[in-house]
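**Q** The task is simple: from the sequences and hints, build the whole structure.
Counted from 1, the sequence shown has number 61 at position 61 by my numbering; the numbering is strictly sequential.
It is worth saying that the hints were derived from the structure and are not from the lab.
Fair warning: there could be bad hints in the mix.
[To be verified] Mimicking DSS-like on lysine-lysine, the simulated pairs with C-alpha atoms at most 30 Å apart in a straight line are:
id	residue 1	residue 2
1	Lys187	Lys123
2	Lys174	Lys187
3	Lys55	Lys121
4	Lys121	Lys187
5	Lys55	Lys35
6	Lys55	Lys123
7	Lys55	Lys187
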Amino acid sequence: MIRKHGTASSASAARNFGTALCTAAFCMALPAAAKTVTFDVQDAAATDPAAINAKGLITGSYEDASFESHGFVRATDGTITSFDAEAAIATLPGAISNNGIIAGFYADSSFTFHGFVRSAKGKITSIDPTGSILTAATGVNNAGTVTGYYMDGSGVTHGFQRANDGTITVFDPKHSTFTIANAIDDKGTIAGYYITSVTGT
1 MIRKHGTASS ASAARNFGTA LCTAAFCMAL PAAAKTVTFD VQDAAATDPA AINAKGLITG
61 SYEDASFESH GFVRATDGTI TSFDAEAAIA TLPGAISNNG IIAGFYADSS FTFHGFVRSA
121 KGKITSIDPT GSILTAATGV NNAGTVTGYY MDGSGVTHGF QRANDGTITV FDPKHSTFTI
181 ANAIDDKGTI AGYYITSVTG T
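**A** Laid out in structure tokens, this is it:
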């Protein structure tokens, strides 16, 4: 009986030690208090970061004093570069790859929305699938493959994938009347959502 009690006590002590050790390890694994860095594009009335990559590059949009929206990319050293798609009255980046490729959309003077992809060197290319009356690019991977969605003349929204060579592939889940593609990984797998014509959900 004494031996059993001693064994039980040892097991209890071991459990307590293990719990304390795990707790200590968990505490050591927790990051130190995060440092918050604030920034604004120069002379901006409002700054709206939309995406950040693994290297710390940030993209988004800002409003100037005339309330016009422009795109920007912020380097890790704090340098901010402003940019606009050609003939845009509003440029709205939404995604950035680890090598600095940016995807988003912009509005022209007719308030028609177009998708765009911006290379790491700053070249901007518009994206408009055939039949589109509204296009938004929402994701980009390190190969430069872009995903997003567009609306056709019948008001039906479709997903699309644009390869680095400009080839566009349109896709929709079965019975979809409203397909939204939001993100793409380096293997080309796309995530999003859709509304089905069968139940309306």
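**Q** Hint by hint, say whether it matches the structure.
**A** Now for the hints, and whether the structure bears them out:
For the proposed pair Lys187 and Lys123, the alpha carbon gap of about 24 Å is at most 30 Å, so the pair holds. Restraint check for Lys174 and Lys187: the C-alpha separation of about 23 Å stays at or below 30 Å, so the hint holds. For the given pair, Lys55 sits about 16 Å from Lys121 by alpha-carbon distance, which is consistent with the 30 Å threshold. Distance hint between Lys121 and Lys187 is fulfilled; the C-alpha atoms sit about 23 Å from each other, no more than 30 Å.
A hinted pair counts as satisfied when its Cα atoms are at most 30 Å apart, and Lys55 with Lys35 qualifies at roughly 17 Å. Of the supplied pair hints, the one linking Lys55 and Lys123 holds, its CA atoms being roughly 20 Å apart against a limit of 30 Å. For the hint linking Lys55 to Lys187, the alpha-carbon distance of about 19 Å falls within 30 Å, and the restraint holds.
When each numbered hint is compared with the structure, no violation occurs for any of them.
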